[in-house]
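Visitor: Here's the letter readout for the chains.
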Amino acid sequence: MTSRAVYLFVLSLAGLLAGVLRGQATLALISFAAFTWALFEWLRLQARVHFELPRFQFQRFVAGRNETAGTLWAGRSVNVALRLRGNVHMHLRNVFLQDVVPEIFEFEHARPLDVPEFAARNNWRSLPGRFFCRLWLVFSMRPNSLLPDYVPPADNWWSEEQGRNTFEYTARSRAAGLAVFPGIRVTLVDAFGLFQCSRFVPLEQTFRILPDYFQSADMRPSVKRYNSLPSHGIHRMQRSGLSSELLELREYTPGDPPKSIAWKASARREMLMVRQYESEVPVRVQFFIDGSLATRMGGFGARLLDQINYVAASLAKAAISVGDPVSMTLIDERHSQRLPWFAGDLGFLQLLRSLAEFSNVLPSDHPRLSASLLQFAVALCQQRYPELLDRSYNTTPFSFFAATREKYRLIGVLGELFELTPTQQAECYMDDTRLAKYAQRLLFVTGMPWMFPLLNEEKPMDSSRFVPLLAKAISRATLRARDNEVFAVLADAYSCAQHLDVLLPAVKLALAKHNRVIFVCPTPTFRRPQAKAREPQNDSIQELLLVSEQARARELKAFLKRELAHVGAAVTYSGERNAIGLVISEIDMARDGRATMRGGRS
Amino acid sequence: MSSAETENSILWRGCRIAADCTQLLIVGLLLELLMFTGTGVDARVRVVVIALLLIGVARSQGWIVLLGIQASYLFSESSSRALDFGLFEYLVCLTSICAVAYAYSARTIGYQLSCTFANAVVAALSGLQGERKDRDLATTPRLHRWRLLARCVAMNIVVMIAVFVLNWLPVTPLASRGWLDNSLVNDRILWPGPAILCVALLMLILIRELSWRQMTPMQARLWLRSGIMRQHHYDLMMVVRRRLKLRNRKAPDVKAAIENKTQ
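Residue numbers (the working numbering), protein chains in the order written: chain A, 1 to 602; chain B, 1001 to 1263.
Everything labelled a hint here was simulated from the structure, so no lab data went into it. It is possible that some hints are incorrect.
[What the hints assert, rightly or not] Keeping only pairs whose Cα atoms sit at most 20 Å apart, straight-line, the calculated DMTMM-like set for lysine to aspartate or glutamate is:
id: 1; chain 1: A; residue 1: 317; chain 2: A; residue 2: 345
id: 2; chain 1: A; residue 1: 472; chain 2: A; residue 2: 501
id: 3; chain 1: B; residue 1: 1245; chain 2: A; residue 2: 432
id: 4; chain 1: B; residue 1: 1250; chain 2: A; residue 2: 431
id: 5; chain 1: A; residue 1: 259; chain 2: A; residue 2: 248
id: 6; chain 1: A; residue 1: 437; chain 2: A; residue 2: 483
id: 7; chain 1: B; residue 1: 1245; chain 2: B; residue 2: 1235
id: 8; chain 1: A; residue 1: 472; chain 2: A; residue 2: 332
id: 9; chain 1: A; residue 1: 472; chain 2: A; residue 2: 333
id: 10; chain 1: B; residue 1: 1245; chain 2: A; residue 2: 431
id: 11; chain 1: B; residue 1: 1250; chain 2: A; residue 2: 588
id: 12; chain 1: A; residue 1: 317; chain 2: A; residue 2: 588
Please build the complete structure, drawing on both the sequences and the hints.
Guide: Right under this line is the structure:
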């Protein structure tokens, strides 16, 4: 029952009472007729719920396929088609469909609303409801009213003519990770917005979203550089070996294999000539990926981890394409995971899958209950589990306060979803930490990105656990490494700068063993720190934040550059092509045995 | 967009706006007839009240219209000992209910009516000019006549049921006297209380049964869970409070023990 129906019933019963007591026939008749009409509409809706709702069967085709699992690419658009099965022509009246799309997607194709809508409040606050008399396909995936402004909502309202049973939209994945399409929320409403009934039709499809990478052939120099003196582990020098590049033709000497004889050249010169090939030894590249909380903050596509994934995937592609094996160590606050060496196209795909799984949202260690977290959880429940919030079935213990009753109702839903015992559910009533833990688990299950409701304000992001793990990982990699490998550390600059004293010994050890170390530090603003201070262009909050962030990044850059350059490591501040180009240059320098870009050796 | 399409679009919008205004005008006239016929209310007051009601119609708040109509009859209708429903009362009731229903769905049915009118005008003019823009017309919503007719029939049925029930029930002193006399003559129950009670109970059972049978398995489990939590709420809270107290008491002791051990 919506608020419209409540007002209608109250007014009609009041009018009936007044008409009967005062003997006013017309008043009594009009009021009773209004009451009867509302009851009639309710019965009609119940009949539709009973007969029509079970017939709704859907099929979702993502990029033309409707399997329950698949793989997509970050930053690329995908066409999604939702198809109603069966005889649906008679059912597509006063039906409100909402394909619950995960947060990691954003809509690309938004068509404006053709028919004006009318708003009606339902019996549960939080989500702004909209009702239509025609069939609308809504692609709203989150409670827009509760989101911060920098995360734009993704509404797309389409009008479709009756009789059509396929609805399409285009979405683009913002970041790498895991995306789950849970299902469709179906809301039946009567023609006048008096009553509604919501159900969630499960149609789960899980997609692993692989990180995007930069593809370009001109990142690597096409002209080979000349070496001064051979060093241990240098490869692609101009000396003979077993690669496919021809180095020279020379005269045949006894002992040369017959297959290396160049017959045409021998016929021309009338003496036996053999082919000499270049020597190839691959340069091994190791990535250290920072997956701490600092890199996971922000909406999908705006995280530092997204930039890190892009750079890592691009570098891996560039390295693997020339035959250099790539390894990766994934580190967060709890543990570090070293992956094996990847080579070839299959290895590259495995590497991307590992990055995608690592990018999946992690639950927080320090849950703290806040009003915004509760509101978020309630809004999510209303989107995904609307039938469980129905007060007829989700009854609560008595309380004078509406907020407490609402909290109890949420706890009931959490208890049902996570199969809590009565004691555990009662603990959630009294223990805020436990309630916060289950609320955050709900957000994690629904794939919400890291944003402010999930952080504990009393315990700010602490990198003291991450940096020692990073240092340990670098030391272990150095011990296992052969000489002249390239270590690319993709990490948050602030975390590294805070505990640089822990990190420097590992970096020095790696450099002492003739390896190359490069730090790639992405910036939250997606802009490289400028040498000069930037003046704010206007007084908006965004501009002031940008200026302050740039100032902080400039200081960090100067500090890290000074400290790391002192020990011989390179550092770059960007999560884009500049960083990719720098690391590839370092790899090429390792290949050629140069210590600097200009060819000198240390 | 070509100039012809632009013209059609401007013409279409103009026709739609004209149709919207016409609908509001008709509704306003109807409300004026329903509420102020036979009353000596000042014209200015009438205009203000009608304007307020039309704002409610434009915002799809039908309860405002119902409130206005009820208030009008509350203050203007004379009381009588019997509820006599003739054709006039029937038509007044039907018109009122239709007005309330239209107000609730003004943005949809009204829009459909306007679009239908605009489509017809544009199609007629395009036909006269020798070109047709079916593509544009096809994208606008159309009014389904049979559905509208079905709703009108449903309104009639609702009003007839209301008339029958109010006529049958002894809600006025005259009607209750008549009921009593009739019961005595025909040897029936004196008052309709038991019959009404049975009907009400049947309706309640029907409504609850309908709601119950539409429950999903998750809702059923949640209903059971809620029932258990409600019934054992105080006991569970007592158990949990003790546990939390014990946990909080143990936490500083454990901390102190660890500190002592490290020292």
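Visitor: Which constraints among the numbered hints does this structure fail? Numbers only, ascending.
Guide: Numbers 6, 11, in rising order.
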